[in-house]
Amino acid sequence: MAHDDTSGTDVAAFSSGADGVSTSAGRAVEPSAGASSASGGLAVITTDGLADPGIPPHRKRVTDLDPKKAKTAQRTVYTLFYLSIAGSIFAVAAYMAFPINADDPGSVRLNTVFLGLGITLALMGIGIGAVHWAKSLMHDEEGVDIRHPVRSSDDTRARAVEIFHEGNVESGIGRRSLIRNSLIGALVAFPLPAVILFRGLGPQNENPAELLSHTMWKAGARLTLDPSGLPIKAADVTIGSAFHIIPEGLNDTHDRLEQKAKAAVLLMRVNPSDLNVSAGRENWNYDGIVAYSKICTHVGCPVALFEQQTHHLLCPCHQSTFDVDNECAVIFGPAKRALPQLPITVDGEGYLIAQSDFLEPVGPSFWERS
Amino acid sequence: MTIEKTKADGLVDGTTDHPVGAPPRISNAPSARFTSAAANYIDERTSISAVVKEFGRKIFPDHWSFMLGEVALYSFVVIILTGTFLTFFFQASMAPVVYDGSFVPLKGVEMSSAMSSTLNISFEIRGGLLVRQIHHWAALLFIASIGLHMLRIYFTGAFRKPRELNWVIGFVLFILALAEGFTGYSLPDDLLSGNGLRIIDGMVKGVPFAGSWLSFLIFGGEFPGEEIVGRLYTLHILLLPAIIVALIALHLVFVVVHKHTQYAGPGKTNDNVIGYPVLPVYAAKAGGFFFIVFGIIALIASFFTINPIWNYGPYDPSPVSAGTQPDWYIGFADGALRLIPPHLESVIWGHTYSWNILIPITVLGLFILTVLIYPFIEGWVTGDKREHHILDRPRNAPTRTAIGAAGVTFYAALWSAASSDILATHFQLSIESVIHAIQAAVIIGPVIAYFVAKRVCLALQKKDREMALHGFESGRIVRLPGGEYIEVHQDVDEYERWKLVSFHEYKPLMIRPNAKGKITAPQRLRAGMSKWFFEDRIAPVTRTDLERQKSHH
Ligand code: HEM
Ligand code: FES
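Taken in sequence, the protein lines are chains A and B. Heads up, the first sequence is in UniProt numbering, so the first residue is 1 and it goes up one at a time. Heads up, the second sequence is in UniProt numbering, so the first residue is 1 and it goes up one at a time.
Treat each hint with caution, since some may be false.
Claimed, not checked - With the Cβ distance kept under 8 angstroms, some of the chain A side facing chain B (calculated, not the full set):
id: 1; residue: Gly49
id: 2; residue: Ala134
id: 3; residue: Asp154
id: 4; residue: Asp155
The set of hints was computed from the structure by calculation and includes no laboratory data. Remember, it's a predicted structure, so these values are computed and weren't measured experimentally. C-beta: ideal position from N, C-alpha, C; glycine also.
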């Protein structure tokens, strides 16, 4: 079908060159028509290429040749469509036959699987049936369409230019510069209120840098276990152990998660002789018990993994590694700053308490911190 | 054009020259009479026949690789259908509630309404878990198929004129799909999704000048706040889908305007399209394929749990388990964060510069930008202003293919870094050595991939040339009268040969002074780049080559 009249040479006959630059689409791909093409740039235009042999002769399918095979194909197709109906009915039945039973966790699974299988069958029956129909029984000779250059014809383009010109003349937008410029100004200004409205996304009268610099910890606040909130005695912290800690009273605050996202602490005890304590921090630990912010100084994941042997803390997000023996300095990974240390001591009853808030902002870096 | 076409001009199966308003002549069976009356009714009010005439017999070429874009489209439809169902049950609120559903281990735990309603979708509503899982699997397939579709477009040169703008639209769709995936992943407010948001918060805070304020505005105060899920919900179900639908529509309009490309082959020219007409074959195949894609997703969702949030529990800033992983499509960005060497942060005049965040963001941004504008770069280097509707076989554009291989390797290396901890524990290596190895791979890998891919392409081109000239080895050995043995070569037929020889050759730009007698810097750059692109090349077989070869024998 449409074999000869669309092979390349024939098609190359139409052309739409303009302004001396010839622009018809991609003609140069046909070596024979290279002359009338848009710039091929660095492409080598051969005059000596092999000729396109044209569309190969059509080969008939078995279903075209053998009516029995066609019959079988037809049977397959309608069977698939009937199977699809069966699938839909099965899905509806499964919905009723496999309810979710609150006492039986397995019932969710049965509901999901059987409903899903019914739906799958309903969908696949239609899908495979339709594709099989198209492939085995529908007319399978290929057709040919002609491409036209995407570029509009010269007449159309000229008319478009003319229309813009007329629009310009009739409105005077090019001539009346005062009107034009004031309009441009107005259009630039009018979205500004919309931008400012988005200020309302965050609370008023609060300064983020200020908030980020403080946590719930204060002098005398007891260290309590996360999540129970029970206080912990120094005597309960054995060497090599680690505890997840929150400040006393955190569970009763109305902004529990926001506070926790800053105040979470990891408490560990190591042999006091292992600790390299810098000047000014001598009394921040209590007999080898140290407390460090649990919020990673990279981008804020909880640094939750304590390696007992090496005294390393590992952040599970990007593997920043902090050395507890060296005041949680970074020894690997993308973080830069050491985890801030919480100065601690014990109160009269032997419970661990904070001496103060952290002395620097915890968590990820931000512009205003220094 | 063909008999087929004229036939389709009629409304049903008749002629077009019937009097205006009268239905075309057709058989008198009642059902046929009803169809024709209905068609007439609609056409008199809509001119729909003109649309049928225009599109009903449009030709679409057929190739398996053209189905990748279809998979993306169909999985998006599945996403919309299932997502809409989920909206009827999901509560996008972070107000704390005490969970009281049937999943026993979490009974009595405080969590957000978002998390609790997602648990209810999974454990109280029949079919709810199924729909949730179809939604999530469809989202994964959506993104995967967009990625593969994009690779197909790249490696076959389908982005060349006139399709450069459609490449840009498609790539924006890819980015939007990532955003859609990330916002969806964050909605249930479980431990993993909250951790993902925590990382976003940390990155935003690292932005110079405005970081802490931006984070404050995004989260409606301090992280995590009670706003973010509701805000992401608006993006996830309204804004992003609306933009995606609009861009998909535009993308497809362009596919129709340009007509689909086709692979080189006998009879296929730059000025025709050979394939099947929309009605009936293409419609049946494509329509059927939608059901197959949907069916496969449904099958996977029936058996394979995805995102079991009940195992993770509600978001809490303190606990986290080892081996936390984002959804795979975010991996490349997470990997980039992991690979940056330690200690890259500085305080200058009282302000903090988080290079450990800014550098990965910048590198990824440049990578994305390069991919976005690649068609324009190549167009500038080749200076080729013609339309291209015949696809390149990747081997026939060795430098482009090599650049693509380098890009894929770079992406893959970043992506593998997102699993550095899993690789380390699985292969019992130290995390340091895994990271160092991947750091090296990010830099050296693309270079190696580039050279290997280029050599492979050139070797394949040489083989094609051999084959076109000498045919293939038939495996038949004959003994010549002189006693020597040779293997008989069998010529390829002319159709096969055409596939091997119909491609373009480009040669590097010669630098020439311009009208003022000067050689400009851009021209020098372009000459350098074109030399890089086209210095090594293999010419297609010409008629002369073939004749010379024949007379030789
Ligand atoms: C366009 C691409 C989209 C992608 C890639 C996508 C992806 C996702 C993902 C990964 C989730 C997480 C759900 C889970 O945990 O299983 C999700 C949740 C959700 N999506 Fe989408 N989604 C898309 C479009 C939509 C649309 C158009 C709607 C609605 C009109 C929608 C509605 C929802 C709802 C309500 C949820 C949360 C409910 C739940 O987790 O149970 N999504 N989405
Ligand atoms: S958040 Fe800890 S390493 Fe990135």
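Of the numbered hints stated earlier in the document, which are not met by this structure? Checked against the structure, the hints that fail are numbers 3, 4, while the rest are satisfied.
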